[in-house]
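Q: Use the sequences and the hints to build the structure in full.
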Amino acid sequence: MDKIIKKKDLDAFKEKGNRLLFADSVKIAVQAGTCGIASGAQEIFDFLSGQVSSGKFVLSRTGCIGLCKREPMVNVSVPGSVTVVYADMTKKLTEELLKSWIKGETPVKNSLMTLDDALYANPLKDLKLPSGHAKYRDIPFYKKQEKIALRNSGFINPHNLSEYIARGGFYTLFDVLNGQDSDKIIDEIETSGLRGRGGGGFPTGRKWRSCRNAKGDKKYVICNADEGDPGAYMDRTVLEGDPFSVIEGLAIGGYAIGANEGYVYVRAEYPLAVETLKQAIETARNHGLLGKNIFGTDFSFDIRINRGGGAFVCGESTALMASIEGNVGEPRTKHIHTVESGLWEKPTTLNNVETWANVPAVVNMGGSEFRKIGTKGSAGTKVFSVVGDIVNSGLVEVPMGMTLKELVFGVGGGIPGNRKLKAVQSGGPSGGCIPADKADIPIDFDELVKVGSMMGSGGLIIMDEDTCMVDVARYFLSFLVDESCGKCTPCREGTYQLKQILDRITRGEGKPGDLELIEEIAQVTKDCSLCALGKSAPNPILSTLTYFRDEYKAHIEKKKCPAGVCKALITYTIIPEACTACGKCLKSCPASAIEGGKKVAHRIIPEKCTKCGICFDVCAFDAVKKV
Amino acid sequence: MTKTGTDKKLDTILKKYEPRPDSLIAVLQEVQEKLHYLSEDALKRVAERVKVPLVQAYSVATFYNAFSLKPKGKYIIQVCLGTACHLQNGNQLIEELGSLLDTEMGVPTKDGLFSFEAVRCLGCCSLAPAMMINGKTYGNLTADKLKKIIKEYKAK
Ligand SMILES: Cc1cc2nc3c(=O)[nH]c(=O)nc-3n(C[C@H](O)[C@H](O)[C@H](O)COP(=O)(O)O)c2cc1C
Ligand code: SF4
Ligand code: FES
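Taken in sequence, the protein lines are chains D and P. Residue 23 in numbering that gives the first Met the number 0 sits at position 24 of the first sequence, and the numbers go up by one each step. Residue 40 in numbering that gives the first Met the number 0 sits at position 41 of the second sequence, and the numbers go up by one each step.
Treat the hints with caution; some may be incorrect.
If you want the ones that stay clear, here's a sample from chain D, every Cβ over 10 Å from chain P, calculated [unchecked claim]: (1) 124; (2) 257; (3) 458; (4) 541; (5) 591.
Listed next, the in silico DSS-like pairs over lysine-lysine satisfying Cα-Cα at most 30 Å (straight line) [to be verified]: (6) 143/D with 68/D; (7) 534/D with 449/D; (8) 586/D with 610/D; (9) 146/P with 586/D; (10) 26/D with 143/D; (11) 135/P with 8/P; (12) 15/D with 124/D; (13) 68/D with 146/P; (14) 345/D with 217/D; (15) 607/D with 552/D; (16) 73/P with 277/D; (17) 68/D with 144/P; (18) 50/P with 277/D; (19) 71/P with 33/P; (20) 345/D with 486/D; (21) 566/D with 146/P; (22) 566/D with 147/P; (23) 68/D with 147/P; (24) 624/D with 146/P; (25) 90/D with 155/P; (26) 90/D with 147/P; (27) 50/P with 625/D; (28) 15/P with 277/D; (29) 449/D with 183/D.
Bear in mind the hints are in silico, worked out from the structure with no lab data behind them. Cβ coordinates follow ideal geometry from the N, Cα and C atoms, glycine included.
A: Shown next, in the form of structure tokens:
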């Protein structure tokens, strides 16, 4: 295998990569990340594989370009023209459109947009814009996005090193290793104002500096790909769509702090991400971009992958390191920081996937350029997964400082069915629910904390008016009860007791004084827990109590769930006047709890009803009422 | 004494890893994958191989959700109960699976074909509710879709 040592070797790969990215023939790239495959991308890929022997097109695959709601998506480019992205594809549609594609035509049917943005430009020549298609920036979802961490995802083939190099990849590492002082790189990262994207937002440069200055014969860098926050999947998308960016980031970090070994800790639920990264590491190794004497310099560096075991707490830095060492993933107190004594008691730098993916871009553009993006306290962009009750659910990368409102209604396209926004949940189980009337706050690490939530890893769950906030709090508490490692009492018992109270309240057994009791337990859990899991565990409940106290009171005092979610507090009835006796609900009810006959209005038998809500969903005449 | 198929599989796995304590989790993961659970015997042999006390192997095996000391089904269905899926009624899928497979969470079907469990987020939240069967993800699930998928696996 040809090793890459000199700049001209990189140039040769770049040229090859550009030929692949902007092919001389018709090229079809299926977006085949986990989300794409789950929507049917594999079937499309398999069909195209069967046709490729015709020689009329070349077939490739790529990661996810973000608009997950419209998957499967297929990128099609004909020679000399800008790539067209097709959305909501099926095998049948692919079969039909393929006939035009191979003739060099790009029909508008199912076309989402063209990739005419500067981000995707051909560096060698101008491409023709095929007519009739929406432009990239015409799509509200993409209009205000600014991609740094996601710069390659959905565009390059994640398995192909030359395509990554064609996008400028590994040139930064080359420059760094050939002549840059490691202090200078850390300066650059410090100047950039980059803060960790994994949750806490700790300044990355400062972390690196401490680790570099720490005494130790051996040091480590680790990439945290545990991505435990439910509702967040940007790390998966980066690993599946652009694994080389993380590898390059880790190598730059390793050089800067003086580490020769790196680890990536990936969660168990991400088989495709593990596979993609594994292949990328092997490819990099085969070409000398990992291993001994990279680019012929003194610097040697290699990366190992560790798979997690399905424990949320292992995303915490000390627990993660314990897990890599082969132990139970219990956190320890951090009176000695991991930058001084981390993995195997050696100085260790841990950063999140998105942070690492940012690193080559930051070093390449320079710290002060990066700092120009975003807000004063939060530089750069942030990737969010916007999911839940939202029209354009998917992954977006926007400059910090955009308001939540703009993100939800502009980029996200608003709430489906013209319903009202109730709250945005951010920060996972450590975060909180931001009510709709606070949605004009700018997205920024510190602003989110001010309203009782936090940035977290970037999962944003959009909730409409049919969401019960007590149920949401109870959901997060049950998550935390399951995931508390049990090492310290305040967290183990505190979360458990809080959940018990919430269980009671949602069952209609709430008592006066419950809310005060919740606040008291929450305070103790917050103050006395050992790690951040316990310290932040009360956030979901406290933030909902702050903003939605009346909803708690309705559950406790009136025994009502205003949103109609808590099963014990609702009843389903059929309004006889509205019932057309169509029989649909009667047939659908799994509990046989509906009686009635031809031309006889139907009735729900309360004793039998399990409150599954199926009748409510199937009735075409709105005759089923939930009270 | 002749070795059973399981023993041989275990031998092959054990040989692949360096006999160091930090191999523990990786070895257990592979044993779990290939043999569907960690038997007492397997735990003892893994502990011996990577040079850790049995109690450490046991504590690791019981700490992480990915390990089980009892057999799982050939097809492991992981139903997502992450936030997005919770809000899209992922719980309903769990109930549905219980009656469809005539078993409860964590207990394999009598033919050993299926077992199901809950996980927190598969990273496919835009397709909520979602589930994964042996590494393959399914999204936008409904009761009907679920039935169809199970039928497909039964026919395999
Ligand atoms: C309970 C808990 C879970 C965490 N889970 C993750 C995670 O899944 N991914 C992650 O990057 N950071 C996670 N963190 C934050 C990490 O401890 C750590 O701060 C982070 O990985 C540092 O990288 P960064 O500075 O680049 O953000 C978690 C923290 C806690 C307390
Ligand atoms: S706070 Fe919770 S998760 Fe953290 S060490 Fe204590 S029990 Fe474990
Ligand atoms: S919440 Fe179910 S896949 Fe993320």
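Q: Determine for every hint whether it applies to the structure shown.
A: Against the structure, the hints:
1. 124: For residue 124/D, whose nearest Cβ neighbour in chain P is about 36 Å away, the distance exceeds 10 Å, so it holds.
2. 257: Holds: least Cβ distance 22 Å, greater than 10 Å.
3. 458: Per Cβ check, residue 458/D is inside 10 Å of chain P; nearest 7 Å; violated.
4. 541: holds, 17 Å
5. 591: Its Cβ never comes within 10 Å of chain P, the nearest being 13 Å, so this holds.
6. 143/D with 68/D: holds, 18 Å
7. 534/D with 449/D: Holds, at roughly 16 Å.
8. 586/D with 610/D: Given pair residue 586/D, residue 610/D holds - Cα atoms ~16 Å apart, limit 30 Å.
9. 146/P with 586/D: Judged against 30 Å, a Cα distance of about 17 Å means the pair holds.
10. 26/D with 143/D: Satisfied, since the Cα-Cα distance of roughly 28 Å is no more than 30 Å.
11. 135/P with 8/P: holds, 24 Å
12. 15/D with 124/D: It holds: about 15 Å lies between the C-alpha atoms, which stays within 30 Å.
13. 68/D with 146/P: At roughly 23 Å apart (the allowed maximum being 30 Å), residue 146/P and residue 68/D satisfy the hint.
14. 345/D with 217/D: holds, 6 Å
15. 607/D with 552/D: OK: residue 607/D and residue 552/D at ~29 Å, within 30 Å.
16. 73/P with 277/D: Answer holds: residue 73/P to residue 277/D is near 26 Å, not above 30 Å.
17. 68/D with 144/P: At roughly 18 Å apart (the allowed maximum being 30 Å), residue 144/P and residue 68/D satisfy the hint.
18. 50/P with 277/D: Answer holds: residue 50/P to residue 277/D is near 27 Å, not above 30 Å.
19. 71/P with 33/P: With a Cα-Cα distance of about 11 Å, the restraint between residue 71/P and residue 33/P holds, given a limit of 30 Å.
20. 345/D with 486/D: holds, 24 Å
21. 566/D with 146/P: OK: residue 566/D and residue 146/P at ~25 Å, within 30 Å.
22. 566/D with 147/P: holds, 28 Å
23. 68/D with 147/P: holds, 22 Å
24. 624/D with 146/P: holds, 28 Å
25. 90/D with 155/P: Cα-Cα ~22 Å, so holds.
26. 90/D with 147/P: holds, 19 Å
27. 50/P with 625/D: violated, 60 Å
28. 15/P with 277/D: Roughly 17 Å between the alpha carbons, so the hint for residue 15/P and residue 277/D holds.
29. 449/D with 183/D: violated, 34 Å
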